[in-house]
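Given next are the chains, with one letter for each unit.
Number of protein chains: 2
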Amino acid sequence: MYRSSNGSVTPEKRLGQNCIVQPLLTDLYQITMAYAYWKSGKTQEHAVFDLFFRKNPFNGEFTIFAGLEECVKFVDKFSYSKSDIDYIRQVLPSNVEEEFYGYLGNLTAKGVSLYAMQEGSVVFPRIPMLRVEGPLIVVQLLETTLLNLVNYASLITTNASRFRMAANKLNLFEFGLRRAQGPDGALSASKYSYIGGFDGTSNVLAGKLFNIPVKGTHAHSYVTSFNSLDELTTKNLAPSKGGKPVDFVDLAVSWRKKIVSIFNVMLSEVNNGEFAAFISFAIAFPNSYLALVDTYDVKKSGLINFSAVALALGDLGYEPVGIRLDSGDLAYLSLVAREVFTQISKDFKRPSFAKLMIMASNDINEETILSLNEQGHEIDSFGIGTHLVTCQKQPALGGVYKMVEINGQARIKLSHDVDKVTIPGKKDAYRLYGDNNLALIDLLQISSEDPPEVGKKVLCRHPFQESKRAFVTPSKVENLLQLYWKDGKICQPLPNMQEIKERVVNSLKILRPDIRRALNPTPYKVAVSDNLYHYLHNLWLENAPIGELS
Amino acid sequence: MYRSSNGSVTPEKRLGQNCIVQPLLTDLYQITMAYAYWKSGKTQEHAVFDLFFRKNPFNGEFTIFAGLEECVKFVDKFSYSKSDIDYIRQVLPSNVEEEFYGYLGNLTAKGVSLYAMQEGSVVFPRIPMLRVEGPLIVVQLLETTLLNLVNYASLITTNASRFRMAANKLNLFEFGLRRAQGPDGALSASKYSYIGGFDGTSNVLAGKLFNIPVKGTHAHSYVTSFNSLDELTTKNLAPSKGGKPVDFVDLAVSWRKKIVSIFNVMLSEVNNGEFAAFISFAIAFPNSYLALVDTYDVKKSGLINFSAVALALGDLGYEPVGIRLDSGDLAYLSLVAREVFTQISKDFKRPSFAKLMIMASNDINEETILSLNEQGHEIDSFGIGTHLVTCQKQPALGGVYKMVEINGQARIKLSHDVDKVTIPGKKDAYRLYGDNNLALIDLLQISSEDPPEVGKKVLCRHPFQESKRAFVTPSKVENLLQLYWKDGKICQPLPNMQEIKERVVNSLKILRPDIRRALNPTPYKVAVSDNLYHYLHNLWLENAPIGELS
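Taken in order, these protein sequences are the chains called A and B.
Under my numbering, the first residue of the first sequence carries the number -12, and numbering increases by one thereafter.
Under my numbering, the first residue of the second sequence carries the number -12, and numbering increases by one thereafter.
So that you can see chain A by itself, here it is in the shape it has in the complex (with noise of 0.2 Å):
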């Protein structure tokens, strides 16, 4: 009796596009907007804004981008239903003009021009992820659900990087989904895990709905069902290549009597229940046998319980995949583990027995995993959730979307705090690369200006601090912010989920290691040209008013 498919939208097409994501996705405040420069014949002119962040999250000093797949569908699909029409009218004073719900009915993007970076990319405070161009109401309607889009993805995608880089090349599991943000918060959180390094996920809607690989066995509540070895009505398991089927339940009993010995613990001690359930697991999955061996005492029950069902299953020409931790002292628990491994692997010649599978999975954070590297351990994969999908350290990238400029005219947002100032003016973005292809510098230009050429001397200034300067000489310059929707179309293919995990990898790699570490980065440099230099200052001393102390 399945659900009846007629009528009901699959999940996958349900979550093409996530159903939510749509125009009033967005605060009051942008439809307020609207009718204000509906209201003072403003709609068309010619807006210039730039979707950044400040501060790099993690006390890292870099960010990766992501969330520009969802942003492009967003415009390409932006248009106001009946229904958002109607709610629009009931919020808005009654004093509204009718006309005004018309031309909103009639809105689309298409005459928004959206450049970006390349989704995937490092990329640094103040230079502008998105640079979206195009008539002012539509360009201000589409602020707030691009930055819902890229805020989370971004900050997930680089905290997973962040783990991928501590963890090196053992094995990140994203185990987060009952502690996200809701249903979809989880979801996002599995997709952009998955880009930023992970290895997969154990949210099997996000494996369905994104092809990411899920992992997962079993859970103290599997263990604690059974009491002892008398409830096992399944006991029989057939050899690996086919035969006749032996009681594994007596194969499993007499490997534990002939190695607990080795644990010197008193068979009395071990944990029956525990025997019964990885027994009963083992014959569900002889090809993937991995059990959680912490729920009573992982040294006088776990482990022995394990051990015994991997030898038995090795009897019949299966190989066992291991053990997961989930509490306790991760790093001494799975020296001791492998140390038995390793024990059993010399005295049954059992030599894949010293390689098992150790997993850890207990609110684990980067930190915790820095400090497992340096206290040493035998953890070979980590199931992550709590940190990795809330983004403990930093739940929240800053990034903004400002507006620099107005039918050509630059435009600038002054606050009292100066990291709050906005870089006026439409601009382009280049990232200045050293010999070794590693990348040296970011550089804004007002987009009128030449892009910098290879091989000549390029003058590169702090935005606000008037003595810090450099000249750069490239030996490579890359133009980062490509257009993607244009006339409204697509204008170049949008990378998939496998492509931008690669760009990941490859676009960290151009980063000196010092920036990329966890302690104490070295900041990557962001400059201005001379020329957006003298332009910013000239225009922040026009729109300052001079101050007087009293």
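A portion of the hints provided could be inaccurate.
Same chains, same label: a pair holds when it works inside one copy or across any pair of copies.
As the list claims (entries may be wrong) - Below 20 Å or equal to it, Euclidean Cα-Cα: the simulated DMTMM-like pairs (lysine to aspartate or glutamate) are:
hint, residue 1, residue 2
1, Lys380, Asp350
2, Lys287, Asp404
3, Lys26, Asp234
4, Lys380, Glu354
For the record, the hints were derived by calculation from the structure and aren't laboratory data.
Given the structure of chain A, go ahead and fit chain B onto it with the hints provided.
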């Protein structure tokens, strides 16, 4: 040209239940366990699971339970589609028996009973928010989705309720869409912030879907889009009560000349682009004029331009609403603004001017509000984004779902960490009240025990510390776990959002103020009955191996 409505599902329908809340929104290990249970003939064993957390969030001593309605809807619709089964088949090993998939395809939650606390009520560590009973396989398969639906909902509701207490009677608006975990994270944030005590949201879609008041005026970009008064094409505004439109620009200009001396500023210093922006915004929204005054300089520009326009509106019979501050020293600037408004109110006999709304919205958290309260300020209304929706201080509630009984036998999950030991057995939870309708203690009992009675002494014990115990004589006893779903049906009406919102308010009133307070609150007591105490400790000793120091 509205988006066609045939075929495409309206957002309301799409979100009656969030379309991605479905059985595959789970960890893979639930499904591997399901197969192992099936293979072991354990699917129909009667299991009891508790969903609870171990520590209140935000260094607080209470939590608000939320997400129940979503949980009930999920259980109600629980079934795998053909497409789900096809995907599961693809993910599980090839040796899994085909019959299992047929079994899964027919599975529903009909055999499950769901007990829960009331949505919107205060809850405490170790007391189950949900108790789920039924066939082992189904109850296990519900785990991850239930946790996902309860964890963030309860966390953000609790966070919102803390902001509400800090802000006392001031207005609170949720502005977090751009910083949430993607689109749905934002919708959940809007919904549960409202339930937790906020007055509205900026998120238009949340307003539409959940009928939450939406708020918003304009951004800095609206101000920077104007450069001078010459740009104003619409200049006239009719008086509030009708009549001949007047030149509103002239009126505002003349007011600005009149008031500039109050501010001790030269007219040439006041920004004209900002003035034009405010004028145009007032023409569009004469009845709801609220201006963001910090684009250039609050004291030397924003307040002057705002006041001139507000006075001009007053001339035409409109009541301006107020200002928003989004940077700088909010306490100081709000005092300055209030002083100016009071002065103008006096000088020009505009009594309502003194009461203009002052809204603040820059990266505000609970501590900011508490500190503003101490400093003294004149803010009436807060717009809160990042810290609210990401729950920056603690971005995840560590809710867990633990098996406590199977086939009538209690189960315990031990751990190296005493805090992680579960309280075994099928339990009921009672709240015992003292006089004044204040809650004294939450008491867990074995379900077969008689409920505590009013006026009768009960021995309440700390679950783990032998010497901590007390007699309590309740003047009221509340049975906390109510039956919400049984035999495939919802058993009692689910309250609407307004009712849940009211319950939050009332539920917090049963706590002593020292339990509710932000700084060093007193822990609320959670206890077990004497019977449960002994039951727990006997089972613990039975299951824990005797260690041996080595």
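Now for the hints, and whether the structure bears them out:
1. Lys380 x Asp350: This pair counts as both: shortest intra-copy Cα distance 13 Å, inter-copy 17 Å.
2. Lys287 x Asp404: between (59 Å within a copy, 16 Å between copies)
3. Lys26 x Asp234: For Lys26 and Asp234, the Cα distance is within 20 Å only across copies (15 Å; inside one copy 82 Å).
4. Lys380 x Glu354: Result: close both inside a copy and across copies, 10 Å intra and 18 Å inter.
The earlier numbered hints are all upheld by this structure, with none contradicted.
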